[in-house]
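S.K.: These are the residues of each chain, in order.
2 protein chains.
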Amino acid sequence: MTPSRTTSGGAPGPAGQPAWELLLPAVGAPARRRGRALQEALREAVRSGRLAAGTRLPSTRELAADLGVSRGLVTEAYEQLTAEGYLRGERGAGTWVGGAVRAPGGGGSGTGGTAGADGRGVRGPVAGVGGPVAGPPGPGLRVDFRPGVPDLSLFPRSAWAAAQRSVLARLPHRALGYPDPRGLPELRGALAGMLARRRGVVADPERLVVCSGVAQASTLLGFVLRARGLRTVGVEDPGSPEHGRLFASTGMETVWLPLDGEGLRPGPLAASGVRAVVVTPSHQFPSGIGWSAERRTALLDWARAVDGYVLEDDYDGDFRYDRAPVGALQGLDPERVVYAGSVSKSLAPGLRLGWALVPEALLDEVVERKRTMDLGNPVLDQAVLAEFVTRGGYDRQLRRCQRAYRERRDALLAALAEHLPGTGVSGIAAGLHVIARVPARFGPPERFLARAAEAGVALRSLEEYGTARPADGDVRLVIGYAHLSPSAVAEGIGLLAGAVGGPVGS
Amino acid sequence: MTPSRTTSGGAPGPAGQPAWELLLPAVGAPARRRGRALQEALREAVRSGRLAAGTRLPSTRELAADLGVSRGLVTEAYEQLTAEGYLRGERGAGTWVGGAVRAPGGGGSGTGGTAGADGRGVRGPVAGVGGPVAGPPGPGLRVDFRPGVPDLSLFPRSAWAAAQRSVLARLPHRALGYPDPRGLPELRGALAGMLARRRGVVADPERLVVCSGVAQASTLLGFVLRARGLRTVGVEDPGSPEHGRLFASTGMETVWLPLDGEGLRPGPLAASGVRAVVVTPSHQFPSGIGWSAERRTALLDWARAVDGYVLEDDYDGDFRYDRAPVGALQGLDPERVVYAGSVSKSLAPGLRLGWALVPEALLDEVVERKRTMDLGNPVLDQAVLAEFVTRGGYDRQLRRCQRAYRERRDALLAALAEHLPGTGVSGIAAGLHVIARVPARFGPPERFLARAAEAGVALRSLEEYGTARPADGDVRLVIGYAHLSPSAVAEGIGLLAGAVGGPVGS
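Taken in order, these protein sequences are the chains called A and B.
Here my numbering is used: the first residue of the first sequence is 1, the next is one more, and so on.
Here my numbering is used: the first residue of the second sequence is 507, the next is one more, and so on.
Hints in this document: simulated from the structure, not taken from any laboratory.
Incorrect hints may appear among the rest.
Unchecked claim - Coverage of chain A stretches by chain B, computed from C-beta distances (three or more under 8 Å per stretch; other residues unrestricted):
1) 148-156
2) 166-176
3) 213-226
4) 241-249
5) 284-291
6) 346-356
Glycine included, every Cβ here is placed at the ideal spot set by N, Cα and C.
Could you build the full structure based on these sequences and the hints that come with them?
M.R.: This is the structure we're talking about:
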């Protein structure tokens, strides 16, 4: 952001009011970046405490006039930050700074998140913690809709090979020695900048631990919390059973916590007795909802009240199709949230490369646990990813995946409408999967799934991901589409309809 | 081995005797490989049970005549296999098949170890589990003799880059997906063949788990044994404190077990109550001894008696300078020994790439633990290493390191003789470090080490690696040399002598 380009008309706010001029540098950004820059400046002002909790914000009309920008830009910023939990709004009554945000403790200098924001490529959470799709394709398998796998043919082989060559040509010898268990410093710096920019996290490189994906982040945290005496971890219901399995390997028992359409229900959470939860607030897996601002705030309040911790699995945080991504929960309280993500959906799961942003209070224990598990991640892939992120290759790759996955999602929605009319699709428009509710007339569910399997179509039902069983006869499916070409998507849904008695093939 | 090239004179042994003709294919190998091939054929015959425990072998003269080879070749084979525990010999009384060897259970088809043996490049165990040398060089540090670090400038960058390119050009897309937690099949096959050939292990690819080096192999085994109820692990004294730290992270307490000049002392081992030990029998770290055949056998007898397990850390098994390497302990009983090694000393610790050969009874638990820790090692480096091993690049790299390290060791011995006369060097000629006992007149030890540090020479004393304290006034050092050029070695010893009052500089 270049303050020198501040537009005319950006007069400071009235005396005695908070210093709205702190937002001026943002609106000095080039027009195409202005909205994003304003949001980031506001977020940073709240986070740093310059805008204290409870502060009433000017109306959108006033602030737009003060800053000399369009009212739409301000409205959009208020809405976005309200959705993320930074602000609270009541219809007709105004907008206040929320109470949920906590600045990072320790010396963490924070973010870098306001620098270099770039409004292109609107993205958000993606899909598929679920880990590997089980097993090889069976005999007769024609189309596999199971979620959690990206399109491996999108891996940028030649760009990756070029980065490998460049890394091997320049890496100092000592970088080939025993690694820093936290990760290569250049990668930690590059990731911190990228995550602050893209996901709105508080990303201090000193708090970032490079690890083997979200799976290892889960195990690391589990061991650390178990050593502190915790014996249970809460997981979303419906959710990914894999979360429970990973924590079980550290000696922690799973407690399923019910979701509704807004997020974890506060009552059962409070009654559960857990002091640690794993959540997917940006794009809940598998239901596809985005948590409401109230539930985000309530979760953090709960964490502070019980001295607990939240693992935020941002498993598909880079893919959002129809609206701006919601910032990560971690940005609201970096001392209570471990934020974890990976390149598994954006590059390849086989790289086993991810990251965790860790609260100060847990950092030393997590790093020591990482050290005893493997001494640290391999250095060459780390150096390649650092170069990729720094030189723009990672952003290009995300845009490429985004385009491909959006096209496939559209193909899926069109095929469902054509071949299985009446099917409802829910969940926000993001990620690598959708939830489809197929009308009862194609069911019942057991027969539906059996016929699909006979026709060579692999599917997962929503019931595999939690404890709930539907009372109605609808078939609820978690359909992964990202790894399939648009024509394979259409073929698969056509086969499915033929097998279960839809318009074609019945 | 090509039986078609069997030499004339290779008559079968007498009727009623074990079928010595099973050794004939070995002696049909080209002359330069014949000795090695004979040893491998004998080892395989013992291991497979074709030569049963207690079978008396023909005299060296008889067998040489039967096979039509020189008596020296047979004598050498008997001596080597006796050192490894496959055979037992009593001076003047003959040679028998030992009782220590157990064939692998399960369906493990075994080895491949007799194929493609190649007598060039005599190597053996290397040095330095100790993990990373602590911290960055301090101010004024001029020569760092701390052990455990290979010469990182020997990493074959251009060959590695070429293999990376080739891998990215040919790897199928699906290989970029979630990995097999056991490792890439092509790497497991390549490593199994290489380890059988070089280290005499029973290397079934189905039992090989690719992991992040010996450190992770230790943690994996620790968690598995802890889950089975074990609470203590025995480590060699002196030994690497890192072994204890890794097992401690899994909830297992360290019990130091005293060594003598032959290996672990059986009495204290039996009295300790442990049911798991970590050992370095091929080149004990740090003392440098090679375990005697009796102690190898005794350890395996103990393991069977207590239903225990042995982790064999073959940390420097590829570097042996003046004699044939002793085969790994695991070859004697693959159901009681977890064999672990890595590329940390031969390529680079930063690759975090190693392997464990796991007894059938522990395999599923180790693999599941590996899965929850990280889902499996990254695939690209695995594919590159597979290509490296398969196409001979790994053997070339080992020869290159071997030459460099031998030259440095010789420079060290010469410098010690010149500058610190009277210094005794012990331990077998292998690995990346030596044990030097500097006469008391240069001491006492505390002053010696302090003066060395003041002169910019970093050293580790043997006392850092265990509980023993010497009664005499000698200074006992563990000197790592592999990462230093011959001139740096000479400079360092010269500086040291100057600081402590040796012939130069006093």
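S.K.: Against the structure shown, which of the earlier numbered hints fail to hold, in ascending order?
M.R.: Checked against the structure, the only hint that fails is number 5, while the rest are satisfied.
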